[in-house]
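A.B. asks: When you get a sec, could you build the whole thing from the sequences and use the hints?
For the sequence shown, the positions run 1 to 127 when our numbering is used.
By construction, these hints were calculated from the structure, which means they are not laboratory data. C-beta atoms are modelled at their ideal positions from N, C-alpha and C, and glycine is treated no differently. Some clues are possibly wrong.
Simulated restraints on C-beta separations [to be verified]:
{"#": "1", "residue 1": "Leu11", "residue 2": "Ala79", "range": "20 to 28 angstroms"}
{"#": "2", "residue 1": "His25", "residue 2": "Asp45", "range": "39 to 47 angstroms"}
{"#": "3", "residue 1": "Pro118", "residue 2": "Gln32", "range": "13 to 21 angstroms"}
{"#": "4", "residue 1": "Gln28", "residue 2": "Glu66", "range": "36 to 44 angstroms"}
{"#": "5", "residue 1": "Val61", "residue 2": "Ala37", "range": "28 to 36 angstroms"}
{"#": "6", "residue 1": "Asp13", "residue 2": "Phe62", "range": "17 to 25 angstroms"}
{"#": "7", "residue 1": "Thr5", "residue 2": "Ile90", "range": "28 to 36 angstroms"}
{"#": "8", "residue 1": "Gln32", "residue 2": "Pro4", "range": "27 to 35 angstroms"}
{"#": "9", "residue 1": "Tyr7", "residue 2": "Leu29", "range": "31 to 39 angstroms"}
{"#": "10", "residue 1": "Leu78", "residue 2": "Asp24", "range": "33 to 41 angstroms"}
{"#": "11", "residue 1": "Gln21", "residue 2": "Asp45", "range": "19 to 27 angstroms"}
{"#": "12", "residue 1": "Pro6", "residue 2": "Gln102", "range": "35 to 43 angstroms"}
{"#": "13", "residue 1": "Asp89", "residue 2": "Val9", "range": "44 to 52 angstroms"}
{"#": "14", "residue 1": "Ala83", "residue 2": "Ile117", "range": "34 to 42 angstroms"}
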Amino acid sequence: MSHPTPYAVRLADEITRQLGQLADHLAQLPPQEAPQALARILDPDDGVLGGVTHLVITGSVFAKAEAERGALPAEVWLALGRASNELNDIALDLDEHRETLQHVSAHPTTRAAKPPIPAPLVVRRRR
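C.D. replies: Listed below in structure tokens is the structure:
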């Protein structure tokens, strides 16, 4: 007899599916709408990135308790702890740019007389 899939596993599968849909939709948004959607996704408090960070932090707390009782290797807890710290740092770094994304979406660019000069995306250090 097979065991029914727990609700949390079904929920995780559904959220994963919806995240894929969101990524597909984001890739197809017009340039004036994409920055606003991206700003919402990257919101460290109420956005997808904030939600994923919170989820990994919660997983780390669970893993710590399980590692302390010997049910999980300590490495699992340490890896989840590192991941939650890294995600939090990334969310804070990206939050610095959320206002810019919101501004860009609120003030669509108009055609300039001269095309803009592309900014270099890679800066090489001199030795």
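A.B. asks: Return the numbers of the hints above that this structure violates; sort them in rising order.
C.D. replies: 2, 8 and 13
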